[in-house]
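Undergrad: Given next are the chains, with one letter for each unit.
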Amino acid sequence: MPFLHLKAVSKGFDSLRGRTEVLKDINLEIERGEFVAIVGYSGAGKTTLINLIAGLTRPDSGQITLNDLEIEAPGPDRGMVFQNYSLLPWLSVYENVRLAVDQLFPNWSESKKHQHTEVNIARVNLTQATQKKPGELSGGMRQRVSLARALSMDPQILLLDEPLGALDALTQATMQDEISRIWQESNKTVVLITNDVDEGIYLADRIIPLSSGPAATLGPSIPIDIPRPRNRKLLSFDPAFKKARQQVIEFLLESNKHRPTSITRKMTLPDIEPEDLSQPRPMIGGRKTPIRKREMHRETIETGM
Amino acid sequence: MKERGFKLDWLLLPCLGSIAVLLLWWLSSNTWSKELPDPMKTWNSSKIYVLEPFAKRGELDQGILRFTVLSLSLVLKGYVIALILGTPLGFCIGLSKTFAKAFDPLCQVLRPVSPLAWLPLGMVLFLGAGKNASELAAVFTIAICSMWPTVLNTAAGVRAIPQDYLNVAKVLKLSRSQTLRKVLLPAALPYMFTGFRLSLGIAWLVIVAAEMLTGRPGVGGFLWQEYNALIYEHIILCILTIGIVGFVLDRLMSLVENRLKFA
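First to last, the sequence lines map onto chains A and B.
Using numbering that gives the first Met the number 0, you'd call the opening residue of the first sequence number 0 and step up by one each time.
Using numbering that gives the first Met the number 0, you'd call the opening residue of the second sequence number 0 and step up by one each time.
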């Protein structure tokens, strides 16, 4: 049995214009210790997918199991690093991590909890910022705190939801190296959601593209046979990198091609009746306002190729 | 050069403004409103209350700070009750849609009711309390009038808590009471304190009406008594006192409020 198993998972949301299928027939098998990246367009349903694994939302149909146990609710066995850090701004770095430690290991002694918190802050190189509040930290540092918090829960699997999406390119590169190092040290199972194909290939053992929505589904799993530690500078010349990159991009472009896209917009058209200028106007009391009728209009433009 | 000249702005300009108003006051009392005492006369008649702020010469003849303390203690009682009732009510309205639908319209209807309208009801409510009836009615009026900003701001604060914080609580499997203590309460605290500050302002506003109608000793009661005794100078003294105390209370609360804000 695979460690994390998604079987025919579908999920849709009700919107104003009826029901939208976001994910359709998702099948995914991840082994223990694997680093898997899922890439896709923004808005394809990547966050929905990871929320399903985290248990924050429930699938409409299908089954998700971790270690043969069905995922029914969120839990600390799945350490989640959110796209927008999700740190509690009134707590310091230490307190944010400590909150998780206190919650998960209530039976530990005070000194052991303290030590565990400090160790995990040190793992993400934030020891100097222990007493700072999230508001005083840069985006990269905040994401490190979020990572430290997830690691301190000692989860069975780490779920990274576009963790570097909000960071600048240079910080992204450092953080990628950091994530790679931490993964190698801890040997945890990691699912990384990203919209950056290169990031996915650089970090993961396997990369799986998610077709563009609605009703997005996973494409073929593409193994990345590049030995670690990987060299960022030489990576783009590696034939394995080029091949994987091409496969992913081809799938993504192809999936976007067949998507019938249309934009429906609601318009409010003012319908103004012209004023009769030959009529005398009342001088006191101001202008007579022209009569307006409003008309609602709906138009759909097909932009499919 | 220019910057140095502007440094005293904060002191100089308010002084200029006050002098302008004093001048207008003096002019008014000497021209069209002969009954209005002019600034000098007001000061001469009031100085005993200001210079001996804690003297007690009679039930309704006390130093101005002594009156202030009396009024403040009454306000404090009503205000504390308002917070104790208002905060949980606001939390419930913010957390539960059903609760909000049930009670929000009621809050909106009761909110604009004037203290002058609540006070007689308070008198009726505590008719059985005998000697204490007027104090209880005053406390009741202060509480019910000053409660609403706390209720509404707490509710708004709870509603404004980002889903992310709640997700953190879910992933960590915090229990209901832990979520309340560790996530909801601190996240809503800045909003709540804005509510507390506005509530305190209203509580202080209500005191005058409450004391006037119940005849209790305090700044408001003194004001009403001196009006009936035709000593108009003291009305102005009371107005200034009420204004200054209100201002100081608001400043103090906003100091606390600013400390709670997080980026």
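Calculated from the structure, these hints are not laboratory results.
Think of the CB as a built atom: it goes at the ideal place given N, C-alpha and C, for glycine as much as any other residue.
Please note that a few of the clues may not be correct.
Quick list of the computed label-pair ranges, beta carbon to beta carbon [to be verified]:
#1 A/S277 x B/A101: 55 to 63 Å
#2 B/D103 x A/E71: 31 to 39 Å
#3 B/L12 x A/T129: 54 to 62 Å
Undergrad: Hint by hint, say whether it matches the structure.
TA: Hints, verified against the model:
As the Cβ distance of A/S277 to B/A101 is approximately 59 Å, the hint placing it in 55 to 63 Å holds. Distance hint for B/D103 and A/E71: a CB-CB separation of about 34 Å, consistent with the stated range 31 to 39 Å. Hint check: B/L12 to A/T129, Cβ distance near 46 Å, so the stated range 54 to 62 Å is violated.
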